[in-house]
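Dock chain B against the given chain A, drawing on the hints supplied.
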Amino acid sequence: MSAADDCEKCEELLQGFLDRELTEAEHELAELHLNGCDYCRRRYTFEASLRRYVKLTAAERMPPGLMAKLVQLRGTDPQAQS
Amino acid sequence: MSEPEPDSEARRIAGQARDRVRFEEEALELADQVYRVARRLVGSREEAEDLVQDTYARAFRSWRSYTPGTNMRAWLLRILTNLNIDRGRRVQRSPDMQPLEETDYYLANRVAESQGEQALEQEKVVESLSQDSIVNALSSLSHNFRDVVVLVDIGEFSYADAAQILDVPIGTVMSRLHRGRRQLKQRLAEEATA
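Those protein sequence lines, which keep their order, are chains A and B.
Numbering follows this note's numbering, with no gaps: position 25 of the first sequence is 27.
Numbering follows this note's numbering, with no gaps: position 131 of the second sequence is 133.
Simulated from the structure, these hints should not be mistaken for laboratory data.
Each residue gets a CB set at the ideal place from its N, CA and C atoms; glycine is no exception.
Be aware that one or more of the hints could be misleading.
To be verified - Simulated restraints on C-beta separations:
no.: 1; chain 1: B; residue 1: Gln188; chain 2: A; residue 2: Asp21; range: 13 to 21 Å
no.: 2; chain 1: B; residue 1: Ser116; chain 2: A; residue 2: Asn37; range: 53 to 61 Å
no.: 3; chain 1: B; residue 1: Asp52; chain 2: A; residue 2: Leu34; range: 45 to 53 Å
no.: 4; chain 1: B; residue 1: Asp21; chain 2: A; residue 2: Asn37; range: 47 to 55 Å
no.: 5; chain 1: A; residue 1: Leu34; chain 2: B; residue 2: Gln120; range: 19 to 27 Å
Only chain A is shown next, with the shape it has when bound in the complex (with noise of 0.2 Å):
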């Protein structure tokens, strides 16, 4: 297998590598590779940071007020006895 079929194969991996989602033999593989391969390996790490940051901004807390909303529509399932 010549270098850009392993970085291709790399790049299939990416994915299920920062999700978390690949088998052993495929993490394995995708690490081993990382480890010789400055290319995939900035590409990894730029995606990874990417993740992490969109995580982060497009996360919103819960407006004021919601929770006490919420809150009052406990007890109103049907059969509960009272």
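Using the frame of chain A, we list chain B on its own:
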């Protein structure tokens, strides 16, 4: 046969009430996490608030169908995504027929082209993206793609949980995630390389 305990019915009712209260408390502890996902699935804060309230109203009514010990956050999100679809959101036809755009390295390659290979290792390149552009890029994704990207990237659900929540096969989750993230990166590329 032993005499039926006079207060066994009362005890059963009290036990149920305790289970219900426990369920409600556990569900309320997850409200902030549920809201975060809801907020990125819909266009506005008001819609997200409505959706979360409808979700909790339904959850509190049908708490008996929740199996204790299973993933309650996934159970709540399943109610929420179903309600979101019921609210008139049309399921789009065959979104997976779109050609697969570019590559997973697309955005990284564009950044490397404009700022050099070393830039990929610097956090500040990513951090130069504005909150608005990220939020806009997310909301510009088609619903099917957005659902999986938001569940996995914002909600941190596993592929299996996302598949269960959306009631689609796991392979569908993976391919929508793939395409959704590629679209997201294409939309961010302009700003990242400006």
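Gln188 of chain B paired with Asp21 of chain A, Cβ distance criterion 13 to 21 Å: holds, 20 Å
Status of the given 19 to 27 Å range, CB of Gln120 of chain B versus CB of Leu34 of chain A: With a Cβ separation near 24 Å, Leu34 of chain A and Gln120 of chain B satisfy 19 to 27 Å, so the hint holds.
Range agreement (Cβ of Asn37 of chain A with Cβ of Asp21 of chain B, hint 47 to 55 Å): holds, 52 Å
Cβ distance range 53 to 61 Å for Ser116 of chain B and Asn37 of chain A, holds or violated: The hint (53 to 61 Å, Cβ to Cβ) is violated, given that Ser116 of chain B and Asn37 of chain A are roughly 27 Å apart.
Outcome of range test on Cβ distance (Asp52 of chain B, Leu34 of chain A; 45 to 53 Å): holds, 50 Å
This entry does not satisfy hint 2, going by the numbered hints stated previously; all others are met.
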